[in-house]
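K.L.:
The primary structure of each chain is shown beneath.
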Amino acid sequence: MALGAPAVIPKPHTSMRHPRKARSLSRQDSVFGLLMVAPVLVYTGIFFGIPTLLMVWMSLHDWPLLGDPTFVGMGNFSTAFADPVFRHAVVFSLGYALVQTPLVVALALLMASLVRRQSKGSALFRIIYLMPYVMGFGSSAFLWYWMVDDRTGAVKAVLLAVGINVNQSAWLSEFIPGVIVVITLTIWKTVGFFMLLMMSGMQSISDEVYEAATLDGANKVKQFFFITLPLLRPTLVMVFIFAITWGVLVFDQFYILTSGRPDNRTVSVVHWIFTNSFVRFDLGYGAALSVLVVLGLAAITYVQLKMLRNPED
Amino acid sequence: MMKRLSLSNVSWWVVCSALAIIILFPIIVVLLASFKTIGELNTYPPTIWPNEVTLRNYVDLDSTSANVWRSAWNSTVVTLGTVALSLVLATLAGYGFARFKFRGDGIAFLVVLATMMMPFQALLTPLFVVLQSMGLIDSLVGLVLIYTMYVLPFTIFVMRNSMSVVPQALIDAATVDGVSRLRILGTVMLPLCWPGVVSATLFAAFMAWNEFLGALILLSSQENFTLPVILTTLQTGRYGQIDWGILNAGVVVTMVPCLLLYLALQRYYVSGLLSGSIR
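Just so you know, the sequences run in chain order P and Z.
All the letters of the first sequence, read from the start, carry residue numbers 1 to 313 under our numbering.
All the letters of the second sequence, read from the start, carry residue numbers 314 to 592 under our numbering.
Watch out, some of these pointers could steer you wrong.
With beta-carbon atoms standing in for the labels, derived distance ranges [said to hold, decoys possible]:
1. Z:Ala331 to P:Ile46: 27 to 33 Å
2. Z:Leu573 to P:Asn165: 36 to 42 Å
3. P:Gln203 to Z:Ala397: 33 to 39 Å
4. P:Ala213 to Z:Val390: 51 to 57 Å
Note that these hints are calculated values from the structure, not bench results.
Predicted, not measured: the structure shown is a model, and the values here were computed from it.
Glycine is no exception: its CB is placed at the ideal position from the N, C-alpha and C atoms.
With these hints in hand, go ahead and build the complete structure from the sequences.
P.N.:
Given below as structure tokens:
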């Protein structure tokens, strides 16, 4: 759960294993190893396994906060498919992810190419660019809430200082301006992380490849498109999956900045789950929506892996 | 040649600095705003630099109906609890996965990592019911339990990786000396794996300090609110009027500890992020 959806699950590697000694010792070892891992397995069972099964079970019920649940079969799911807010939230979250992702990826790619060389300056800029990433989305959203305020915010101050006086008063209550603010905030906050991933991918491309290309007369732009991008493919796949997943699951920024305005048009899928489970206390319906989100995201990730996979594999 | 090189160098500095200024801008302006008087914060046109510096916004953080310092304490408790619980669990499991062979170890490790693919947001509805049955709704302990689950796969992964590369000879030497397996963990492994411990700690701490949705759902009484949640009550304001001074000071109190921790330990944070997401 930690990072949303990592692209690559590492293979458990076998090289560091104990050399097998006496049989009795090895059996003791295996009991000890299991003992070490057991607390985590039990913990994962309680706080991951049970909730996962419970989510499916709840989705088949009318499940109020207090009182007994009633079995309704697929009732919640048919409600969901007919629910206009949910349908809009799905389109909105997907659309948001699709607009947001290319922007943040392109900017991160540019920044990674800028700071990938080894120098004191690069190291300094890397540290700066990653700073917003360690702040929470919650506090960042409140910071931006003030910053874009029409009467008191810093954006207004800067715009006035350079002689631009636009009417910002409706930014967070109108659809397009509100979404633009959230996209800008999200890029600001996450671009450093994606930059870091891509920079690390770029550093693993050997200098010799570039030297050979330079000898063959390829300029920097050509090198970027014909060497860097293709060799960066595995990193890019991962970055895309992260960005799309985070985009589809967006909540904090929209909840704090636009809270659904105008007319529920900026209600994301997670926001709608939140509303149904914890504002209306219709937990069965919230669970059904959660099941749909899990399945939908799994499908999206699978399609991305298929589409972005190296054709030569 | 020399001239072209230095020119491109200059443009590199210009572009990178411009990006740095844009990225630092929100952080700097909110820091400045948090020291402005309430009068200045409400004047039009707004200022960037404070005309008059005051600590009123910080002093008053606990005098409104929403007590931000109390929330800072709650956030500290939740963060320390999450770090402690997840580190104990992840250190033991990392040791087990890195150094011992047992039936099903590969599958167990995959299962632990696979939990990362489940969106946390989707699991909150059933987790609420699980915690309800344990009587842990509106409790910081409940929050620590779910945050620990959230950070476990990553912290286990980091701990296992750093323990895998400890030379076997050191462990053999300790074993010959009659040191028990559990003591080896404390005396040989952990002293050598502290960069991994720092990475895991930072990851867990940032997550627990900043998490919003879970805390919003699980905490219902204001005296239990963590920092990100208390900010929602400041945003609404009393009498519909937002006290920008308090809100900005609240944002600063939430973000500054993260920034300081990151700046002090960024090397470990970055290597942890990279080892956790690539591979």
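K.L.:
For each hint given before, does the structure comply? Return the numbers of the non-compliant ones in rising order.
P.N.:
1
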